[in-house]
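Q: The primary structure of each chain is shown beneath.
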Amino acid sequence: MTVPELELKANDIRQDIIRMLEEAGSGHSAGPLGLTDIFTALYFDVMNYDSQNPNWDKRDILLLSNGHCVPVQYATMAHAGFFDRKELRTLRKFGSRLQGHPERTKLPGLENTSGPLGCGLSQASGMALAMRMDKQHHRWIYVVLSDGELNEGNVWEAAMLASKYKLNNIIGIIDRNNIQIDGPTESVMPLEDLSAKWESFGWHVIEIDGNNIEAVIDAYAMARAIVEKPVMIIAHTVPGKGVDFMEYDFHWHGMPPDLEQAKLALKELRTLKGKIKSEADE
Amino acid sequence: MTAMHLVDLNSELKTEPIRKGFGRGLKKAGELDINVVAACADLTDSTQMSLFKEAFPDRFIEIGVAEQNLVTVGSGLAAMGKIPFVSSYAAFSPGRNWEQIRTTICLNNRPVKIIGSHAGISVGPDGATHQMLEDLAIMRSLPNMVVLAPGDSVEAEKMTLAMAKDKQPNYMRLAREATPVFTTADTPFEIGKAYMLREGHDLTIIATGTMTYQALAAAEKLIKDGIVAEVIHVPTIKPLDKEVILKSIRKTRAVVTAEEAQIIGGLGGAISELLGEVHPTIIHRVGIKDRFGESGTPQELLEHFGLTAKHIAMAAHAVISKRV
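So the sequences go chain by chain: F and X. For the first sequence, position 45 (counting from the first letter as 1) is numbered 1440 according to my numbering, and the numbering increases by one without interruption. For the second sequence, position 139 (counting from the first letter as 1) is numbered 150 according to my numbering, and the numbering increases by one without interruption.
Treat each hint with caution, since some may be false.
To be verified - Quick partial rundown of chain F residues pointing at chain X, CB under 7 Å, derived from the structure: (1) H1474; (2) F1478; (3) E1482; (4) T1508; (5) P1511; (6) S1520; (7) M1522; (8) N1546; (9) A1553.
Derived from the structure by calculation, the hints contain no laboratory data. Computed from a predicted structure; not experimentally measured. Glycine included, every Cβ here is placed at the ideal spot set by N, Cα and C.
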């Protein structure tokens, strides 16, 4: 896909996120919308996988460490052919494979069970160590973390281990949207100087605009070329990206839109705030 | 009754820390299966992982003092088809990292083998912080988790080999001090089975871990009082072998449980739950009674907290007197 095609895909995925969350009546809005460009890049450009054979033994691994953002993963997986988009409407409902937080054993294509924060990098480290023992080179492990998640000590335990063993097939990406449930990250528990923190733990750091798909793809390409250490991409994103009344507002961290808000959000997304025409408006 | 091939209890018994059996078993498991790997949180010698580390340095991971990372790295190793044994002191793992075990191992259903060494009051002089007494309770409450406590070092070795073949998450508790070796290479062991070590008719003593030997010694003492006790060893606390236990209790109608752990939620808790629902029976639980430990020699502490053969025998008299 070309970058403009990926941008349109991201826009479709955002609309599905809004529909899913409205239908579910609970869940997180800001994070999934902010992460959509990253997930679109991962599933439609960066990662090596087979949606018809999710357990293919040469696939790359994607670990969503901040499980509460799973609506963006479900929506992107549906677009990537793992399951029918109709199933997205079952999010958070009884009997659904799309649990409120991701459960590996419920849905083929998920690589971990998460929700409680701070565990993704540790699991990635275990996987990378196993791959090294088995001499499975050329498999990448992509980990998505949130910035609020970095409050967890477990993250830094893993950061030390991955650095110690030079686990260079781990590429983390932090959704640096500066919000968490109780407010801005820098007032809840300051994270800056975030780049210096990761560098001092022995990681190569790349900082990008995480809502620019081309920048995301370039950063992953760069990360794969760094061989001497694990890489952390700090992706600056706009929480609630694409929907004016959600952008930058921490209140939308853990809240879904109601029906009226969803209609408004979908209209904005269809037109990219008036910038483009989508099929629905033609 | 299955032949148990125990050591003659009236002979001079060899003593050895249970954790030594784990160390030998892990090395053997590593020889049998290349996928067996090990990780430790800065306690490689004390948890006896050093034998494995020396034999298979490329399959050993030093995690450092980071128990949350220890078990989550284990989850990642298992995701790639490895059979990871992860060890620390029980007070730290599963003491500190219960949520990671719950989410990334049990709910995620990855067959990580968690080894909690230095469990129980007999840890001794290190004191209450290091005497893990709640591990059986917190591990038993987790769906998918198998909970194990070997009775001696010989059984620990067999248990470790069985764990390497088991497809579920496992927790095994180990003890620090040397304790009597009463089983032999021929004594049977399977995960999920309880074993009748001694037949009787006056009461059933059900014990696990280091307390099984004490239960056998108590049964010997009780003979002198004219009481013939049945002794059941429960190396698998979860899933519980209900059949063997209920068969005995239907006969004796009086039960004493014995464990070096809190009676809340441990073996005594498990047996009480079973009996309360299926066959209400008078029960006395020998174990730690909702308190923390303290510093002292192992023997002083076992005596002070009521965890010796003598205390089991006293409990036996008490249940028999209350039997309806």
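Q: Are the hints correct? Go through all of them and say.
A: These are the hints, each one checked on the structure:
no.: 1; hint: H1474; in the structure: violated, 25 Å
no.: 2; hint: F1478; in the structure: violated, 20 Å
no.: 3; hint: E1482; in the structure: violated, 21 Å
no.: 4; hint: T1508; in the structure: holds, 4 Å
no.: 5; hint: P1511; in the structure: holds, 5 Å
no.: 6; hint: S1520; in the structure: holds, 5 Å
no.: 7; hint: M1522; in the structure: holds, 4 Å
no.: 8; hint: N1546; in the structure: violated, 13 Å
no.: 9; hint: A1553; in the structure: holds, 6 Å
Checked against the numbered hints above, the structure violates hints 1, 2, 3, 8; every other hint is satisfied.
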